[in-house]
Structure formats: C-alpha cells, structure tokens
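Enquirer: Put the complex together from the two separate chains, hints included.
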Amino acid sequence: MSEALLRVEDLWVRFAKPTGGVVEAVRGISFEVGRERIGIVGESGSGKSMTGRSILRLVRPPGQVTAKQMAFLGTDLMAASERRMRQIRGNRISMVMQDPKFSLNPVMTVGRQIAEAYRLHTGAPSGEAARKTLEMLEAVQIRDPERVAKLYPHEVSGGMGQRIMIAMMLAPDPELLIADEPTSALDVTVQLSVLRIMDRLVRDRGMGLIFISHDLNLVATFCDRILIMYAGRIVETCRADALMEAQHPYTRGLLSALPRLEDGQRRLSALQRDPAWREAPSVDGYL
Amino acid sequence: MSTATSEPALAVTDLTVAFGRGAARSVAVDGVSFSVPEGGSFGLVGESGSGKSTVLRAIAGLVPAEAGRISVMGRTLGPTRDMVFYSTVQMVFQDPYASLHPRHTVDRTLAEPARLHRKPDIERRIEEALEQVGLGHGFRFRYPHQLSGGQRQRVAIARALMLEPKILLLDEPTSALDVSVQAEVLNLLDDLRRERGLTYLLVSHDLAVVAHMCSTVAVMRGGRVLETLSAETMRDATPAHRYTQDLLTASQGYREDS
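So the protein lines, in turn, are chains A and B.
Going by this note's numbering, the first residue of the first sequence is number 446, and it counts up by one from there.
Going by this note's numbering, the first residue of the second sequence is number -9, and it counts up by one from there.
This is chain B alone, in the form it adopts within the complex (with noise of 0.2 angstroms):
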C-alpha cells in the first residue's frame, strides 16, 4: 500500500508557538525542525514546559503556530485545519479518563468522528477498529466508566483509526496506565503500525518507552531541540549533549551520589 517516497509523511520546519503578548509573551516552541518518513516512528522526549506537547498540538492546530512551516504527505498545511488533514492525522491523548466523554457509549464516541466525515460505512468502521484494538463487540455499547484504563485508551486508539488516517499524533499514550497494561497497549501500537503503515509522533517524557517504540528521538528543553539521536545512540548512552546523558541516567532509577 505505501510506496517508499523521498517525502517524509510530516515535515515540521522552523515551527515556533508563543503564548502571550507584550512583557507576558512566553514562547513554548522555538524554531523546532524535524521531519518523519512515511511508516516511520519518530519520538519527542523532554521534561514538563519543554515545549514537546506543543509541538504536537500545533501539528493539530489546536493551537496556532506563530512562525515555520509543518507539511503533511508534501502538503503545506495553512493556518487552519481541514477535513482532508484529519482524516490524515489523528491524535492520541494521555489521560483516557479525560479524554472519552463520560456519557457516550464507544458506539456513540466511534460513530462521531465518522459522521463528521460522512462515512457511509460507519457500522463496518466501528466494528472493524474495536476488532482492531483487540476489544470485541462486547464492549459497543458500554460506557467509559465500565472500562478500564487501558480499555479506554484502546477505545482512544480505537476512534483514532476510524477514519483510517496515515499519521498518528501520541501524546504520552500510556502514562495514566499501568506497566502491564501499558505493555500491552504498546505493543498494540506496534503492531498497527507494521500492519496498516502508520506514521507516528510519539511524545513522552519516559526515555525507556520512546527508546522502545522510536527510531529516532529528539530531545527537548526550554522550547528547542538540543539534539536528534538515534534509538541506538540511546541505548549506548552516547548522545551529543550534557543533558541527553543527565535524562538517561536519571530513567536509570535512583543513585545515592549524582
């Protein structure tokens, strides 16, 4: 299905985000590039303000982007987000307790982004993304508070895919959850982008989940990329810069004397 292309599926240039105006102005993205080839898995790391989460919802346009360029399958995206784009590019939230609404069944949460789209086969849709995220048709008509955590980040997961985008946006996907069940549901990642070709854009701040699920990484501070490493490079613990290696010895657990 996907070609090898010389067109990386999304390609941020320069992109800068800034809140405020005047003496508040706080920029939160500063002149931040890189670029993801198609069925690649591409991960952002960096500690709270870092600035990595904004990356990602400026790619969403849920917040605006100040200054650069961010282009989707070789199409420069405006200052707006159309039904093309979104049916592209889907995002995944952290907490799945805030992300499901309480009083929609999955049925109803599945359907919705579908009907937006005037899918004509929302039933098969529906039924072919649960089957998908490994929830059987048990769990249609249920509510967000009869599943658990990781059911209802598959549930997420789950109405991303429904409009069978190219690129998933994943925003600390199993920081809420458990070790096993996040074992689980990273592995139900993986497995989707081998078997569909998706494109992903992985934030978090746990260096062991993006070494895992990424091929290459960049680290963030302070609204900019210090430096883009490999996932080997990770591994070996020799990246470039001072910080990288203060982050990778601190995922390392607790030493007396450092």
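Isolated chain A (complex conformation) (with noise of 0.2 angstroms):
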C-alpha cells in the first residue's frame, strides 16, 4: 500500500470564457493513489470528474491543464507526447464513464469492439483477442459469453452494457483505472455486482482504482480512502470507515442531507454554503 502509482501536485483546470475571464474547474490539488480504492466524492461542478479526465489529458481545449507534478509509474504525464499517451491510455490507465448508451459503439457488436481494444493495445493476433473477449465476458460474469458477444450494444441491458464496458476496459489489464460515476445508471443489485468485479481486480491484480461518485454511502462501503471536493479543492479526506465522523462542515452537511432509512421522516438539514470553504487551501490527499 505504499508504493504510489500516481503522484499529482498543484493540478489546474481552467476555462477560458469566450466573453472574458476564466472558471477554474480544478483549483490546486494534490494526491496520491496507490494499489487502493481511492473515492473522489463532491456534487455536480466540484471537479471531480475534470480531475479524472486530466489524468489522461482528456480535457479539450478551450480546458487548460497545468500541474506541477503528475506522475505515473515514472512516466512524466504532464510532459508525455501524445503518442506516448495513447500507448498509456486505455493499456496502463483504463477509464470507464458513467452511461455505457454513450461510450459503446453503436454499430459494431460488443464482441469486435472488446477485442479490437485489446488488439490495439496488446498487437495481438485475432484469435487470442477473440479468446480473450470472452474471458474478460466470464470475468465480468456474464452468463453465456458467446452469444453476448455477437450482440450489438442496443440489444443488452444498461448493467450489462456497463459491464461490457468494464471488460473492455481492463482487457489490456491496466494498472489504473479511473471509474467515473460507473455504477449510477444501474439497480442497485445489478451495481453491487459491477462493484464486486472491481474490488476483486484491485484485490487480485493490485490495481489502482480512483471511483468518482456523488455517492457518499457507497464510497464509504466500497472505498479504502476518500478526498472530498468542493468547488474545485479538496476539503477533507479521510479513511472510509471513517467519513461517517468527517469534520468539515461540507462534508457534515452532505451526511445530514442524506435520507437513511434509519432515521425515519425527520425533515432533512439543508447545506447552508460557507463562502469560506471555496477560498480555503485545498488539502493534500497524499498516502
């Protein structure tokens, strides 16, 4: 657990507006991410999600990305080509999105797009892709692999398409993997198995995992460490276990905005915004 597999310092994002000025998206943070389940929680326009896509230098222009360190493995990001990064992007570091409707081609059946993923990342030969597709199908626990490989992507549910996904993604058996939101469009029963097909890659494989989710419940069940974002800093982190005793006052008022079944029909405390919070220094999420 103590060996980095990510280092990032001082990360930016800022946009430029076509009518003048500039909104930070991402405003100085800095983290690590070791073979862990890290969780990035906070409400829409935190940061959470640009802080993902940064990672892979996916963030279009007009979005600028600045940092002054990101690290991994010894591979300089920031610094990288971009024909380095398309070797390190979906191979080394994997990301899967929230709405599989979007990310999925939609012509091609799932079976071709998997194994062209991983023949692109790997060169190899079709007929181990092939073999290969239908593994990653099995360990993502798809029932009857072959024939759901010859589906196209409107013919399988919204939990499978997700787990389709995720084979794709870790195909190539990257050593991190970035999941944005990836378990929000699904049932909840159909979301704690796509959890469980995570937790055993972070397990047996040792990878790395950043879970982005606005999800404070699950990301303290699922997560080993957790940073808290709040207009573009990190405000708080801390253990999982622990986020049921988070300190800052954000965190707090997420916590009692939370209907729980436990607590019966008690009127819910609305989040009364500090101006402070958003000029406070972020806090580091280093291991």
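Keep in mind the hints are simulated off the structure, nothing from the lab.
Warning: the hint list may mix true and false statements.
Taking lysine to aspartate or glutamate and the EDC-like style, the derived pairs with C-alpha atoms no more than 20 angstroms apart in a straight line are [as the list claims (entries may be wrong)]:
id, chain 1, residue 1, chain 2, residue 2
1, A, K546, B, E121
2, A, K577, A, E527
3, A, K546, B, E118
Covered by chain A, per the in silico footprint, the following chain B stretches (three or more residues, Cβ under 8 angstroms) [unchecked claim]:
id, segment
4, 72 to 81
5, 84 to 90
6, 162 to 170
7, 217 to 229
8, 232 to 244
Here are some chain B residues pointing at chain A (derived, C-beta under 8 angstroms) [to be verified]:
id, residue
9, E37
10, S38
11, H195
Glycine included, every Cβ here is placed at the ideal spot set by N, Cα and C.
Expert: Here you go:
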C-alpha cells in the first residue's frame, strides 16, 4: 500500500470563457493513488470528473490543464507526447464512464469492440483477441459470453452494457482504472455485482482504482480512502470507514442532507454553504 | 379544507398495461392494485423494468390501460382524460433538464396550463406558484438554461401547482439532483403536502427517499406488486418478501461478501 502509482501535485483545470474571464474547475489539488480504492466525492461542478479526465489528458480545449507534477509510475504525464499518451490510455490507465449507451459503438458487436480494443493495445493476433474477449466477458460475470459477444449495444441492458465496458477497459490489464460514476445508471443489485468485479481486480491484480462518485454511502462502504471535493479543491480527506465522523462542515452537511432509512421522516437539513469553504486552501491527499 | 372521507383520493384496481401484440407482447404492469387516502403519500419502488413508472403513466393517461379500474376522488376514469382530471391530478417528471421547454421562459411555462384551462387569474397564480416553491419574482422571466437543476425542478413543481391540483404524481422527482439539492426539494414537497393537503404518489428507485416521503410503500417487480408495507416495516427491515430484504440490504451500500 506504500508505493504510489500516481502522484498529482498542484493540479489546475481552467476554461477561458468566450466573454472573457476564466472558470477554474480544479484549483490546485494534490493527491496520490496507491494500489487501493480511492474515492473522489463531491456534487456536480466540484471538479471531480475534470480531475479524472485530466489524468488521461482528456480535457479538450479551451480547457487548460497545469500541474507541478503528474507522474504515473515514473512517467511524467504532463510532458509525455500525444503518441506516448496513446500508449498509456486504455492500456496502462483505463477509464470507465457513467453511461454505456454513449460509450459503446452502436454499429459494432460488443465482442468485436472488446477484441479491437485489446488488439490495439497489445498487438495480439485476432484468435487470441477473440479468446481474451470471451474470458473478459466471463470475468465480469456475463452468462453465455459467446452469445453476448455477438450482440449489438442496443440489444443489451444497461447493467450488461456497463459490465461490457468494464470488460473492454480491463482486457489490457491496466495498472490504474479511473471509474467516473460507473454504477449510477444501474439498479442497486446490478451495481453491487459490478463493484464486486472491480473490487476483485484491485485485490487480485493489485490495480489502483479511482472511484469518482456523488454517492457518499457507496463510497464509504466500497473505498479505502476518500477525497471530498468542493469548488475545485479537496476540502477533506479521510479513511472511508471514518466518513461518518468527518469534520468539515461541507462533508457533515452532505451527510445530514441524505435521507436514511433508519432516521424516519425527520426533516432533512439543507446545506448552508459558507463562502469561506471556497477560499480555504486545498488539503493534500497523499498516501 | 380537506375532510376525512372513507373514499380514497386515488384507487387503482387490477391495472394491466401491455405493449405490443402477438409474439412481441410484453406485459409491463400485471394486475396492480393499491389505494391512497386523501392527504396520504404512497410510494412505488422497484428496479428498472419493474413497471413502477408505467403505473404512473397509465394513471396520467400517457399510456393506455388494457384492463383494470382507476378512480380519482371517487370518480372512475374512462379511457381518455378530461380537463377535470388534469385540474385534479398533475405530474412532475424525473429530468428537469428534459421536462421544461428550453425556449419558453418560466413565465410562459407556468402560464400554459392555466391558459389551456381558461383560468382568469393567471397573473396571481404564477406569482403564488413561484412563491410556494421558493423561487422569487426574479426568476419569472428566465429561461431554463439560466437555472440550476434544483431550480428547474422547482419550476416543474410550480407548473404542476398552477391548477391547484389535489394529487401529484411524482416520477423520480429528485434522482437527477445532488444530495443537498435533493434535500431542499424533498423538504419543499413535504411542506406543500402538509400546507395544501395534497396527495402524493411517488415513484423512486431510492428506498431511503421513499421511506422518507411515504407512509406506505409498494414494492414492484416484473409488473406486479410483491408486497405493500409501511415505512416502519421498511425501517425495521422486517419485510415479508425476500426480494424486498435484498433491496434493503443493497441500499445500505457495498459489502464484500453478499
């Protein structure tokens, strides 16, 4: 757990507005990711997704990413050429997005998509890619992988689509997986089986996982460590099992805004935002 | 205003909704029955494809019922919905980004139902509805893109209130919102129900939201109601059905070996 796969220091993401002025989506955050499940939580606009995307340099212009350091196992991601980044993306660092409907190619069978991704990254012959495809579909607990591989994305359910995405992203055996709300479009029971698959990969392969989510409950029970983001900064970090004892008023506010089964029908407390939270310096999330 | 009567505000008996015909026929709702007393709040929970939203849409007349009986305030509904129905029952949809016309101002969005129903006092109604959902006068001439998700959902609720209905059909009203915004909208819905004696039928996949808002909950799966239970039974996690227990466990978060 001691070795960091990824180290990010003073990361900023800025967007120049056409009307002048700059929107700062991420404002100088620092953190490390080891062979662990790290959760990034926050509300919409907190900068959590931009953080995930900037690691893979997927922030498009006019977005601008700067960092003092962004190193992945010795590779400087900020200085790497676009060619070098293509070797890293999907191969050593993978990303799973929220909605499989928009991430899968609608006119290609899912089996071909997984095989293509695998061949692209490993240069394996097509026979081996076909075998690997079935193996990966099986690994994400799809019954009858041979039948499913021949289906088009519109012929599979949302939960199955997301598992197919995960199979595709994990085929090249990445060292780090960035999962941006990977289960929020899924039913609770399917959600848990998808999480179990990712959990096993972290344990068995020693993969690092960045789990971006707005779901406090899920992150608290699934991750090892949590970074809480607000207005582009990390306001608090904690061990996941200690989230309920979090100290920052923003985290506390989020927790008490959440309806809970065991609480009955008490009035939910609305979050009172303090302007000082925006200005407080970012907390570092190093190991 | 509302007197306690034995007549439920909304009663659904053996409702069946099917799509397609022949080999492609699929039954989305299969003999569902429940009733909601006036001023009550009833929840429908279930996973995607359980038929919970279809029940709501069948009541609103957005999909045709194949069999069964729906009655509102003691009046049995026919195959089509009339003006009287829509002034009694209004619906709030899941996605406030999709349910508001992007090129209509809040003012025009709110005025539309009142104009269709030839209400004389549109001006007063708009001001009142905005006031009630906690949006001041300043929001009246804005467009949806100038509003946040929570503000949009407030506008959608205000639109539903324009005709001063008795019953609100709420289809996942907060699932597109952040938790802090969800808390505000749930509190707003709670207050409105209490102040105006409204009756709610709430559909959600989130058991905690339903347990928070409703006194009685029906758990649906595969188009059928598996069981109807009180919010207390849900909180104590003592449901009769195994599937409900699984849903309750799953809603508590992740566990390594479950």
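Enquirer: Look at each hint and say if it fits the structure.
Expert: Now the hints, each set against the structure:
1. The suggested pairing of A/K546 with B/E121 is violated, with an alpha-carbon distance near 39 angstroms, which exceeds 20 angstroms.
2. For the given pair, A/K577 sits about 28 angstroms from A/E527 by alpha-carbon distance, which is inconsistent with the 20 angstroms threshold.
3. A threshold of 20 angstroms between alpha carbons decides the hint, and for A/K546 with B/E118 the separation of about 41 angstroms lies outside it, so the pair is violated.
4. Counting residues of the segment 72 to 81 of chain B whose beta-carbon sits less than 8 angstroms from any beta-carbon of chain A gives 0, not enough to reach three: the coverage restraint is violated.
5. Counting residues of the segment 84 to 90 of chain B whose CB lies closer than 8 angstroms to any CB of chain A gives 0, so the stated coverage by that chain is violated, three being the minimum.
6. Requiring three or more residues with a Cβ within less than 8 angstroms of a Cβ of chain A, the coverage given for the segment 162 to 170 of chain B holds, as 3 such residues are present.
7. Given a C-beta distance limit of less than 8 angstroms, the hint that chain A covers the segment 217 to 229 of chain B holds, as 4 residues qualify and 3 suffice.
8. Counting residues of the segment 232 to 244 of chain B whose beta-carbon sits less than 8 angstroms from any beta-carbon of chain A gives 8, enough to reach three: the coverage restraint holds.
9. Proximity of B/E37 to chain A holds as hinted, the smallest CB-CB distance being about 4 angstroms (cut-off 8 angstroms).
10. Checking B/S38 against chain A: minimum C-beta separation of about 6 angstroms stays under 8 angstroms; hint holds.
11. Hint status for B/H195: holds, given a least beta-carbon distance of 7 angstroms to chain A, under 8 angstroms.
The earlier numbered hints that this structure contradicts are 1, 2, 3, 4, 5.
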